[in-house]
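Participant: Whole structure, please, built from the sequences with the hints as guidance.
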Amino acid sequence: MASVVSVSMTWTVSIILPAHNEADYIDACARALLQSDPLPDGWRAQVIIVANGCSDDTGARASAHTSAAEARGWEWRVIELDQGSKPGALNAGDTAAVGDVRVYLDADVLMSPALLPQLIAGLDRPEPAYGGGSPVVSRGHSWITRTYGRFWVTLPFVAQGSPGFGVFAMNQAGRARWGDWSQIISDDTFARLNFAPAERIRVEAAYHWPLVEGFRNLVRVRRRQNEGVAQIAKLYPELLCNDDNAPMGVSGLFQRMLRHPVGFLVYATVALAVKTPLFRTTSDWVRGR
Numbered sequence: 001m002a003s004v005v006s007v008s009m010t011w012t013v014s015i016i017l018p019a020h021n022e023a024d025y026i027d028a029c030a031r032a033l034l035q036s037d038p039l040p041d042g043w044r045a046q047v048i049i050v051a052n053g054c055s056d057d058t059g060a061r062a063s064a065h066t067s068a069a070e071a072r073g074w075e076w077r078v079i080e081l082d083q084g085s086k087p088g089a090l091n092a093g094d095t096a097a098v099g100d101v102r103v104y105l106d107a108d109v110l111m112s113p114a115l116l117p118q119l120i121a122g123l124d125r126p127e128p129a130y131g132g133g134s135p136v137v138s139r140g141h142s143w144i145t146r147t148y149g150r151f152w153v154t155l156p157f158v159a160q161g162s163p164g165f166g167v168f169a170m171n172q173a174g175r176a177r178w179g180d181w182s183q184i185i186s187d188d189t190f191a192r193l194n195f196a197p198a199e200r201i202r203v204e205a206a207y208h209w210p211l212v213e214g215f216r217n218l219v220r221v222r223r224r225q226n227e228g229v230a231q232i233a234k235l236y237p238e239l240l241c242n243d244d245n246a247p248m249g250v251s252g253l254f255q256r257m258l259r260h261p262v263g264f265l266v267y268a269t270v271a272l273a274v275k276t277p278l279f280r281t282t283s284d285w286v287r288g289r
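In this text, residue positions in the sequence shown follow the numbering used here: the first is 1, and each later residue adds one.
Hints listed in this document are in silico derivations from the structure and should not be mistaken for laboratory results.
Accuracy of the hints is not assured; some may be wrong.
Label-pair ranges, simulated between beta-carbon atoms [said to hold, decoys possible]: (1) Gln255 x Asn226: 20 to 26 Å; (2) Val250 x Thr95: 43 to 49 Å; (3) Asp57 x Leu240: 19 to 25 Å; (4) Asp41 x Gln255: 43 to 49 Å.
Idealized CB from N, CA, C, for every residue including glycine.
Facilitator: Pasting the structure below:
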């Protein structure tokens with residue numbers, strides 16, 4: 001009688017983490033990632049941290065977690081680039097990645113233990129698919145940020161669908177839809193709009209994402225976000241058909257204003273300030289923290 005040979009299949013999830021001067025955040029981000037629940041059977045993890053243009057010890061701090069990763073059987077690699085560029089860091093990470101699923105993670109995000117396994121389970125399919133978690137805005141230190149945040153999380157873009165800010169993922173078939181990352185402001189918007197709404201999933205597991213602190217920084221970052229969306233509309237107009245962010249309308253805005261009057265006032269003031277020359281910057285990096 002012929003013997004039966006059992007073949008064990010292995011798949012990889014690659015987590016790509018661009019980090020520019022993130023010494024204050026990279027340790028917490030790495031610890032949260034390494035505390036992920038067990039991956040689905042047959043899956044292993046590859047973590048690629050791309051420290052780009054850092055003048056602090058981001059790279060060394062990231063490397064300090066190698067032993068903890070190896071104890072889990074995870075590959076942990078730190079790449080250091082001289083130039084500070086998020087698209088450049090994403091491209092370097094993608095070049096090193098071998099994942100059947102790819103997760104793109106910001107260094108100031110704290111993933112809940114269930115998020116990585118849930119993303120893998122949701123994206124383990126042959127057809128192109130994009131996924132994200134359920135965002136939880138971290139409590140701000142300043143009153144203005146806390147108040148703005150309480151209103152902002154009620155917006156349909158945040159509360160519904162898979163917005164992708166902070167962390168987003170896709171399977172290999174989805175990543176094949178474009179080549180290198182171009183020099184764009186909003187990589188998360190670009191990635192999301194490469195998928196039709198029916199191809200995007202949102203898993204229940206949460207991740208914690210911080211808003212910037214203070215009125216000045218809220219204005220600067222909100223302006224930069226708007227510029228990123230406008231840039232994509234100009235460079236990739238064909239992607240706009242995948243945008244399912246329906247406007248709130250007057251009634252939706254009015255209902256939110258009644259529930260959060262102070263938050264609405266802060267949010268509206270920031271939105272108006274964005275349209276003025278207030279706090280404009282010519283820097284490629286807009287970060288308020």
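Participant: Decide, hint by hint, whether the structure agrees.
Facilitator: Outcome of the hint check:
| no. | hint | result |
| --- | --- | --- |
| 1 | Gln255 x Asn226: 20 to 26 Å | holds (24 Å) |
| 2 | Val250 x Thr95: 43 to 49 Å | holds (48 Å) |
| 3 | Asp57 x Leu240: 19 to 25 Å | violated (41 Å) |
| 4 | Asp41 x Gln255: 43 to 49 Å | holds (46 Å) |
Checked against the numbered hints above, the structure violates only hint 3.
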